[in-house]
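Go by the hints and put chains E, H and W onto chain Y.
Number of protein chains: 4
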Amino acid sequence: MNDLTARLRAFAEERDWQQFHTPKNLAMALAGEVGELVAEFQWLTPEQAIAVMEDVDAGARVQAEIGDVMIYLTRLADVLGIDLLEAATAKLTEVAVRYPAEDVRGSATKR
Amino acid sequence: MNDLTARLRAFAEERDWQQFHTPKNLAMALAGEVGELVAEFQWLTPEQAIAVMEDVDAGARVQAEIGDVMIYLTRLADVLGIDLLEAATAKLTEVAVRYPAEDVRGSATKR
Amino acid sequence: MNDLTARLRAFAEERDWQQFHTPKNLAMALAGEVGELVAEFQWLTPEQAIAVMEDVDAGARVQAEIGDVMIYLTRLADVLGIDLLEAATAKLTEVAVRYPAEDVRGSATKR
Amino acid sequence: MNDLTARLRAFAEERDWQQFHTPKNLAMALAGEVGELVAEFQWLTPEQAIAVMEDVDAGARVQAEIGDVMIYLTRLADVLGIDLLEAATAKLTEVAVRYPAEDVRGSATKR
Chain Y
1 MNDLTARLRA
11 FAEERDWQQF
21 HTPKNLAMAL
31 AGEVGELVAE
41 FQWLTPEQAI
51 AVMEDVDAGA
61 RVQAEIGDVM
71 IYLTRLADVL
81 GIDLLEAATA
91 KLTEVAVRYP
101 AEDVRGSATK
111 R
Chain E
1 MNDLTARLRA
11 FAEERDWQQF
21 HTPKNLAMAL
31 AGEVGELVAE
41 FQWLTPEQAI
51 AVMEDVDAGA
61 RVQAEIGDVM
71 IYLTRLADVL
81 GIDLLEAATA
91 KLTEVAVRYP
101 AEDVRGSATK
111 R
Chain H
1 MNDLTARLRA
11 FAEERDWQQF
21 HTPKNLAMAL
31 AGEVGELVAE
41 FQWLTPEQAI
51 AVMEDVDAGA
61 RVQAEIGDVM
71 IYLTRLADVL
81 GIDLLEAATA
91 KLTEVAVRYP
101 AEDVRGSATK
111 R
Chain W
1 MNDLTARLRA
11 FAEERDWQQF
21 HTPKNLAMAL
31 AGEVGELVAE
41 FQWLTPEQAI
51 AVMEDVDAGA
61 RVQAEIGDVM
71 IYLTRLADVL
81 GIDLLEAATA
91 KLTEVAVRYP
101 AEDVRGSATK
111 R
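Chains as they are written, first to last, in the numbering used here: chain Y, 1 to 111; chain E, 1 to 111; chain H, 1 to 111; chain W, 1 to 111.
The following block holds chain Y by itself, in its conformation from the complex (with noise of 0.2 Å):
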């Protein structure tokens, strides 16, 4: 994860691109990223869709755009400062007290 950070902070410099990598234009790539992910699944049926890795084509495609997703997330959280797997950690740990198991099992209903 570090390393990633790393790997593209450095690709931002030796590009001369964090003139771009504003936190709102960041923010943008990212829902960018999200709407192509998304689309790959759009027409599938829920089968499909949980078999879209067997089909190499579509399974290639979706693997870049969670690749992407992932790019553009470890950059808007490394520029402003934010841990990302300790955001992550933070936030399910206050999810898990709002939704207890004995309470909540198999049911999706919001709090």
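None of these hints come from the bench; they were simulated from the model. Hints are supplied without guarantee of correctness; some may be wrong.
Because identical chains share one entry, a pair is satisfied inside a single copy or across any pair of copies.
Here are the simulated lysine to any residue pairs, SDA-like style, with alpha carbons at most 25 Å apart [as the list claims (entries may be wrong)]:
(1) 110 to 2
(2) 110 to 55
(3) 91 to 108
(4) 91 to 53
(5) 91 to 5
(6) 91 to 111
(7) 110 to 46
(8) 91 to 79
(9) 91 to 78
(10) 91 to 105
(11) 91 to 101
(12) 91 to 104
(13) 91 to 80
(14) 110 to 99
(15) 110 to 96
(16) 91 to 110
(17) 91 to 18
Same frame as chain Y, but now just chains E, H and W:
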């Protein structure tokens, strides 16, 4: 990273939520969380966005939203059997070839 | 449609909000609202999603989110000087040529 | 507006695509198209974004993406039995009450 993946998998299993965590549903949840993250920046000037972490309230919200995005991205990758760091690294390698530093320095034009 | 555009323009002017209604900001706001709309459907089964308007609470939320998306889309088009209906009609005409009915009947494959 | 709704409905029926046009799938398609629209603006400065329609190529792409977003939004509203203009107008009326002009002039703070 592997630890987060494992914790999220256990979190879903304890709540019998694997049934909801299909690729289509997780892609939608990811889009939803990215929407919330983008919304944190939408009315900020570029300067305000760069300084967002200095604002205690806005900074905490941004960190929480980034945590949410990371949670669903990690979970989606796990359900699809994709290694998130590997996918990002592979994509970065590909992009580095497409955009050689000497050719694109300081330019944001897409190829 | 023209009436909605005019009302939204007056709404922004009365609040001196044109300064916030830049193309970048409105595109972000649009993405944020679409994220909220998608979130309404994320954990629903296909069958539950089809019947969502029969649920008074969920139906009202979906209608409100669709209204929000339409508001920002209309506002963005206005700020850019784009006629929303014309843009959609032009695109539909183009897509109708790319996907002739006799060739693509019952198939969702992209071209 | 009614004409666009009718044309889109006929377009889907002629291709036997109603089976794909479920609320979940259309919400995903909408998110995908909004992602493409946002991507058009992501690396532009605020000033470049304001002038985007003066660039023939970028302007045509933005108009086409806005058309795509409008197409899926119209189609989703139709499938759900929601009147798009009515939904937007109802929401605008509600927002106008929540943000009285005299209270919020020149401020983007959310309520």
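Hint check results:
1. 110 to 2: Result: close neither inside a copy nor across copies, 33 Å intra and 27 Å inter.
2. 110 to 55: between (34 Å within a copy, 15 Å between copies)
3. 91 to 108: Close inside one copy (18 Å), not across copies (27 Å); limit 25 Å.
4. 91 to 53: For residue 91 and residue 53, only the inter-copy Cα distance (17 Å) is at most 25 Å; the intra-copy one is 29 Å.
5. 91 to 5: This pair counts as both: shortest intra-copy Cα distance 20 Å, inter-copy 14 Å.
6. 91 to 111: both (15 Å within a copy, 24 Å between copies)
7. 110 to 46: both (22 Å within a copy, 18 Å between copies)
8. 91 to 79: both (20 Å within a copy, 20 Å between copies)
9. 91 to 78: Classified as both; 18 Å inside a copy, 18 Å across copies.
10. 91 to 105: within (19 Å within a copy, 35 Å between copies)
11. 91 to 101: Only inside one copy: residue 91 and residue 101 sit 16 Å apart there, 37 Å across copies, limit 25 Å.
12. 91 to 104: Within one copy, since 18 Å is at most 25 Å while 33 Å is not.
13. 91 to 80: Both: 17 Å inside a copy, 22 Å across copies.
14. 110 to 99: within (9 Å within a copy, 27 Å between copies)
15. 110 to 96: Result: close within a single copy only, 13 Å intra versus 28 Å inter.
16. 91 to 110: both (16 Å within a copy, 23 Å between copies)
17. 91 to 18: between (28 Å within a copy, 19 Å between copies)
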